[in-house]
Amino acid sequence: MSSGYELTQAFLEARKEEAAKELERLAPEDVAAFFENVPAKIAAGVFEKMISWQASRCILHMKPETAAGMMAAIKAPASTTLLRLLPQENKDRIFEKLPALKNKSVKKLLAYPEEMIGAWMNPLVATVPETSSVEESLKYAGRFGNSLGHYIYATKREGTYTGIVMLADLFQAKKRVLIADLLSHEFNPLLDRATLESARFLSEWNDFKRLPVVNRKNHLLGELSHASLCAALSLDPAEAASENIGSLVAQFGEVYFNSLGEMVNFLVETNVFADEKPRQEKKS
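Numbering-wise (my numbering), the sequence shown opens with residue 231 and increments by one.
Keep in mind that the hints are not guaranteed to be accurate.
[What the hints assert, rightly or not] As a list, the in silico BS3-like pairs of lysine-lysine whose alpha-carbon atoms are at most 25 Å apart: (1) 279 / 439; (2) 327 / 338; (3) 404 / 447; (4) 293 / 338; (5) 305 / 293; (6) 271 / 321; (7) 405 / 447; (8) 293 / 327; (9) 369 / 386.
[Unchecked claim] What follows is a list of derived Cβ distance ranges for each label pair: (10) 314 / 434: 22 to 32 Å; (11) 334 / 239: 28 to 38 Å; (12) 241 / 411: 46 to 56 Å; (13) 237 / 260: 17 to 27 Å; (14) 239 / 329: 21 to 31 Å; (15) 293 / 243: 36 to 46 Å; (16) 266 / 388: 41 to 51 Å; (17) 260 / 413: 49 to 59 Å; (18) 369 / 283: 36 to 46 Å; (19) 413 / 369: 18 to 28 Å; (20) 406 / 466: 39 to 49 Å.
What the hints contain is simulated information worked out from the structure, not anything from laboratory work. Each residue gets a CB set at the ideal place from its N, CA and C atoms; glycine is no exception.
Using the sequences provided together with the hints, build the complete structure.
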């Protein structure tokens, strides 16, 4: 690999927004050709920062396998937005190359009208049955890596939403404690067919970056992030936060919570949750 290529790749990773603005000035076919040699994960980071209609024009000139690889690396709400802007023929070609799970989640979002919460939710969230133990839940949550928030969702076996569990509570609880004993009910879930505008001024955004989304039967479908809400309504996240008098969690939580997935994996790998040994009383 040439040093020039490595330098370009490093720039795309470190300065995504600046790279996106520069690429928007170029012909779509040239941008598409350029990204044929860029790893999908890096390309996804840049495309998420581009103006949607500009990005979609570039995707039209990509090979279906290249576009699909990048779409697989873009979060579901953002990839859905780009796909909405493509002709059906191009959508179909990309769907043929998408991984099955991503294919299913994106098609699910495309079925909702754009103004509904369901169209912008992330369907791939950390969810555990309320009958799971702390040990089981932490091992499962660790699979989500850096996409893990500071809480996970709990449901009944049939998928009915029952509440959230703070990771801080999981870290402190004994491994055999059940999730049902740690449930918190900090907010009411959002309805998938409610309008985005109806969620704009919810006070819950002051303290939580993501809210659960359910259907009319209260089955958990995913979550809506405040960032996705702002993108859908063309709001500036900073202004939206000031409208809701954003808390310290909303302003600074991302830096800390991005590493929670790594923390969970570390604790599991280092066997922190091994059987607790009974303490022996000191002989007098």
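key: Enumerated hints in conflict with the structure, sorted upward   = 3, 7 and 15
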